[in-house]
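Model the full assembly from the supplied sequences, consistent with the hints where possible.
Protein sequence lines correspond, in order, to chains A and B. Using the working numbering, the first residue of the first sequence is number 322, and each one after it goes up by one. Using the working numbering, the first residue of the second sequence is number 939, and each one after it goes up by one.
Certain hints may be false.
[Claimed, not checked] Stretches of chain A that chain B covers, calculated by requiring three or more beta carbons in the stretch to come under 8 Å of a beta carbon on chain B:
#1 355-363
#2 630-636
#3 659-671
#4 783-789
#5 909-920
Keep in mind that the hints were calculated from the coordinates and are not lab data. Backbone N, C-alpha and C fix where the C-beta goes; we use that ideal spot for every residue, glycine too.
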Amino acid sequence: MRGWLIAGITAYLGVTAPAWAAPPPVSTTIEPEQITLGESARLTVTSVGTSVEPVTLPTVPGLELRVVGQSSRFEIVNGTTLSTTSIIVRVTPQTAGIFTIPGLTPKSQPLLLRVNPDNGGGGSAPPVVTGGSTPSGIRMAAEGAAYLRFIVPEREVYVGESVPVEIELGLRDGFARANDVPVLTGDDFTFNNLSRKPEQNQKIIDGKPYTLLTWHSVLAAVKPGAFSLVVETPVTVRLRTGSQRESMLEDLLGDPFFQNFFGATVTKNIKIASQPAELKVLALPTEGRPADFSGAVGSFKIASDISAASVAAGDPLTLRMRVTGSGNFDRVDSAMLERLDQWKTYPPKSSFTASDAIGYRGEKIFEQPLIASKPGVQTLPGLAFSYFDPTARRYETARSSPLSVTVSPSLADTAPPAPAVAAGAAASAAAAPASPSHSGLRPDHIAAGAFVDSLVPLYMRPRFFVIPLGLALLFIGGWLAARAREPNEKSARRDRGTSKAAKRVLAQLETAARSGDAALFFSAARAALQQVLAARWRVPADGITTADVDARLGGDTGLEGDARLQSDADDIRRLFALADEASYSADKLNVTDFARWMQIVRRQLTGEQAG
Amino acid sequence: MIRRRPLAAWLIGLTLCGGQTLAAEPAPTEFSAAGLYNLANSYARAGKPGMAVLYYERARLLAPDDPDIEANLNYVRESSRLPREAPTALARALRFAAPTVAAWIGLAGLLIVGTSLLAGRLSSRHRWLRRAGAALGLSMVGLTIGNGVVLWPALHEAVVISAGAPVRVAPVPMGDAAFVLAEAETVHMRAEHEGFVLIRTRAGRSGWVSRANLAAVVPTS
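Structural data, given as structure tokens:
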């Protein structure tokens, strides 16, 4: 429709053109005359009439000039139709500085363009474009395409306190869109991450439609002081390339599609910022600070309950503390019952359930496992929770009521069971017939059987172990005593054997003496003495000759027990000699000689003393 | 002690015969196989398989060769959907007698062995008799030792006395349970820490169970 209107007006002007067919005046303008590096300026060459003189774009070092469109305008002043035609050139600087653009037509004047360096952001970040403020306090940016508003409470806050804030981003429909969520500049505050799906509303501002994106969040100061808070967000905006008057026409045309169709806008990525919000942060007072204060700031209430009012000893139960209210729940903490007589306590765990979108209001539940160690009625003391109330500007301590728990004896501790239980169970078993479901059980035993005082096997009890231990020690002692007696027994046995042999030899000698057989007498006597000497000298008995006897008994033998041998040495040598002689001579001995030699041999064999 | 036993036996007998006026029961520190067995039967009839198995196990310690105890124990286990226990022939043979009897047999064996050795030291006569006596005594001591070896695991076993006892990975009552024990299941106790017992099931799974959910077959106190 608008296209047909423009075509009709153009045709009309073509018919009436000869009426003012004079050389058309030409004007050149540049808007704005001062820009920041990264932005573009618009150079407009306007001539009166429906035609425009050909334009030759000059070459300016550091500037890029490009024709982006052409527009015509018709005005009726006092019944006279006035038509103008414009050529629009986009001027984009590549460096900062002051540039002179020569006249584009012979009649036009040179133009000046000041390009400021980009000081904001850094790297490839888009520039911050600021604009004028509206009466409502909104700071419009990018020629009214977008604005960002940061709403904080107008009061003093405390360090660590959670402060609800609101961020509103206005985007003119068709002219701007958001690229990311807003961020808070500076490091003096903690700021919750914002949702990528904010509240979305439509609003007409100054007659133009806007889409409003609203984020709710909380911030907390990390140190005291006076701060100026600013939030920023990157947006993509569509900037007009025409003059203000042309913009009015474009606004009249309204539809951004047609504006874009006629080449009236350019797209840019920029970052817009909110107006600074002033906030004063106070330090938490040290006076009156409770010992269990964990840093919670806000308004809270507590309540406590327990998972079971009665429990068996040894069974765990859970003590709960519920903290409700508003504030910095991330600093709400409690050790609950750290130490309690008759109870085994464990560290609590907590969970938070928010009742709003930003976690400023909600309920934090602490659950602490407890185990009762002794039966009886136990009382759990009331719980306490300390926080700082920023409204009252003082520390508060919330308390819960004490809880009562009945602890019964553990089933495992009733071994063997209580007499009443045993009696009742046994009696019922005897009295009532077995239920069908337990018909597979064999019947009870009538005989009580033997009783023991422990289920620990007898041989594993220390008291019993003394018996086999004592018995073993007794046997070991007896065995050692018997072993100690063994040498004497052997000696006596040996002595008894020697005595028997000596008796046999002496009996032989007596027999030979009675028969007067000197050869037999001396032979037997020599054999007996050979045995004695062999034992003393530790040599074979057969190897002892008269010469050996002469040689060994000629002096001190040095052997223990040889006193008898020394005293009878001469007689023994004589006996050995006589024994040799008796074998070849027929000498007869009288009874006295036999008795004398018998005495000598007996003394050597039995150890009897001489005389 | 000597005076109390006949009195306790008389009172138990009176109870089993239907007497309702039970003035006293055996002292809590006294056990009899029949008393434990009857008590286990009562728990079984009352629908408490955990306590029933516990007292059957205790009764079996005192009377290992009692077929009634074995039969009822297996019956309750099967009723609770637990596997039936099948001890090996060697284990059954080594549990030939009650531990008390085995203790005295071992003591007599020790006496015979000691006497034989001492006699051999003192006299060399009747060597074959002494050797036979030593062999007999050693066999008796060996039987007692074997009885102890077979019984040793039972001394460190416990029975789950509550349904669905949670087994945790740490000795604290927090967090999710690794698995759950069935009531009447018998487990091996490996360690204890602040009200929790480290157990090992017959299937080989380990974890910590609250002491309140278990009862040791052999009471510690």
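Status of each hint after checking the structure:
1. 355-363: Not satisfied, violated; 0 residues make the cut.
2. 630-636: Held - the stretch 630-636 of chain A has 4 residues with a Cβ nearer than 8 Å to chain B, which meets the minimum of three.
3. 659-671: holds (count 3)
4. 783-789: Since three or more residues must qualify, the claim that chain B covers the stretch 783-789 of chain A holds, with 3 doing so at under 8 Å.
5. 909-920: It is violated: at least three residues are needed, and the stretch 909-920 of chain A offers just 0 whose Cβ sits closer than 8 Å to chain B.
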